[in-house]
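Enquirer: Taken in order, these protein sequences are the chains called A and B.
Position 102 of the first sequence, counting from 1, maps to 102 under this note's numbering, and the rest follow consecutively.
Position 1 of the second sequence, counting from 1, maps to 1 under this note's numbering, and the rest follow consecutively.
Hints should not be assumed to be uniformly reliable.
Covered stretches of chain B, going by a simulated chain A footprint (3 or more residues, C-beta under 8 Å) [as the list claims (entries may be wrong)]:
#1 51-57
#2 179-192
Here are the computed distance ranges between Cβ atoms for each label pair [as the list claims (entries may be wrong)]:
#3 A/N171 - B/S19: 39 to 49 Å
#4 A/N171 - B/G126: 46 to 56 Å
#5 B/G220 - A/I214: 52 to 62 Å
#6 B/A32 - A/Y213: 36 to 46 Å
#7 A/Y47 - B/G126: 54 to 64 Å
#8 A/L71 - B/P199: 57 to 67 Å
#9 A/I214 - B/S111: 19 to 29 Å
#10 A/K87 - B/K75: 21 to 31 Å
#11 A/K231 - B/S19: 55 to 65 Å
#12 A/N171 - B/D182: 38 to 48 Å
#13 B/P199 - A/K87: 27 to 37 Å
#14 B/K58 - A/M235: 30 to 40 Å
#15 B/S19 - A/Y47: 52 to 62 Å
#16 B/K215 - A/K105: 34 to 44 Å
It is worth saying that the hints were derived from the structure and are not from the lab.
Where is the CB? At the ideal position from N, CA and C, for every residue including glycine.
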Amino acid sequence: MVFSWIELVDEFSKMVLICKYSFMEFMKSKIWVGVFLLGSILLLLSYISYSFAYGVAERIALDVGLGLTSLSTVFMAILLGHALISKEIENRTIHMIVTRSLGRKAFFLGKLLGVIAVLSINVIILMSMSFILYFLLGGHYSPLMLFSVLFSFFEATIVLLIVVFFSLITNATLTIIYGIVIYILGYVISSTLVLQYVEKNNFLATVINACYYIFPNFNRLNLKDYILYQKTIPMETLMMGTAYAFFYMLLVIVASLFIFENKNLD
Amino acid sequence: MLKIDSVSKKFKTDFWSRSFWALRGVSFEIAAGDVVGFLGANGAGKTTLIKIIMGLIKATHGKIYFSKIMGVSKKSIFSNLGFLPERPYFYPNLTGRDFIAYLGKLNNLSSLEINQQGQKWAQRLGIDFALDRQMKNYSKGMLQRVGIISTLLHRPKLIILDEPLSGLDPIGRKEIKDIVADVRKQYGTTIFFSSHIVPDVEELCQKVIFLEKGKMLYSGSVSELVSKHSSSKYRVILEWRGCWEDKAIICNYPNSFLLYENELEKVLCFEIAKEEKEQFLSFIMDKGAKIVSFSQKSIKLEEILYNVNGDR
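Build out the structure end to end from the sequences listed, making use of the hints.
Expert: Rendered as structure tokens:
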């Protein structure tokens, strides 16, 4: 038992090490130039929408800002996720690392944590830019804003994990396509279920219902309307949203780990 | 140290294509302290077998055994292993020093050990001046050197190198060959390295394993193989200033073969079978010929391996 605890601690410390160096690799890359450029475009577009809006213009600026932030972080997640493991295999860098005294799980989780850390900073930067503009234009603070940052991060992380999962079983192009398709499905499936045409067709309803449970439901993580229209949201819903995100992430991680453990790294 | 037992590997490139065997029942053993060359043309299956040894891919049949000196658990075995894949590309935004530290820490080395060992090998390989540069600015040879450092850093008991000399300039090749020889001499490390360049293997290895189209054609000592193939013929160069009748008799000596003749310098070169050499030498000396040189016909490992391949 003591031995296995030592092993576990050793694996954990190696996972942290891999996470640290993956993060370092991203930090030293030009990714941040891209993030700040994206942020600046986002600010500009939000300001333009504010200038052309009538009435509650600052809310429209926030609406545009949050929407674009969500899209850009998902785009970033797809970009980072599709090459995270596949590029390591292609360049044979992984051969030098997984042949050291560490398990494949530690490597995989370390790489994931490293890129999730990058993604979280990306979400914080872009979201902060949107909120700063909103406050400058006269908007008011709402505690939901913090949750919206968190949920936006969850959404991007789920997309990232799905993309990493597909990158283990298919090529880069298909991975990106699947990532985009699942992101779209994550928003439209729940709306599709209430269509009359679907409700009348039992077979279709069953299929879409099955998809509803398989694919992520990003509507659960979308707080934009609550912030914009200053609606109240029960704490329970927020907690359920958080639990849902964690459960879904865990499920995809476990599936990915299983594949990665048994994958031929050639 | 390492035993490969009837390893076979079947590949299928895609769903519709027919599968093919990349390795067929390969078996051999590597003893502690040996430097073993793993030869074969491109596509022979060398890298596939190395990947199976390193646990990167699974064998269709057969097993890999490591001796107890290497450790009992997978983790302890791998902590005693040093592996350099063929033409690796490392993280472009990290510096050489960062990468060496990263791999050193994965092998549970302290920062002090990493610095000392890293600096020692970096100086030896002439890359110390570039360790603080990002690796995206490194040449192929520099990347290979960083790879070699991170392979040697933790003083492994067994080193597996996949084509370590490919893509290197002559100076780089010599440096790495010298290091392989030194590591073996100083630490008694077992080294197994693949190459398709036979003279490199001949220079460094005591043992050789030759693979062709996934099948093992030879496994054993280099000197045995060379002596087995080079012992049959001797070459005699003689100076002849006698009459032409005697020269005709010498030229017609049974089981001898005139390779060339230099009319100006009055030199003749013969090839003679091993069992005839004594009689031939006394015969030509009786006829008054002066022996310029007498040597066993040397044969290169490369020629032998081509013959082994051709015989099949």
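Enquirer: What hint numbers does the structure not satisfy?
Expert: 2, 3, 4, 6, 9, 14
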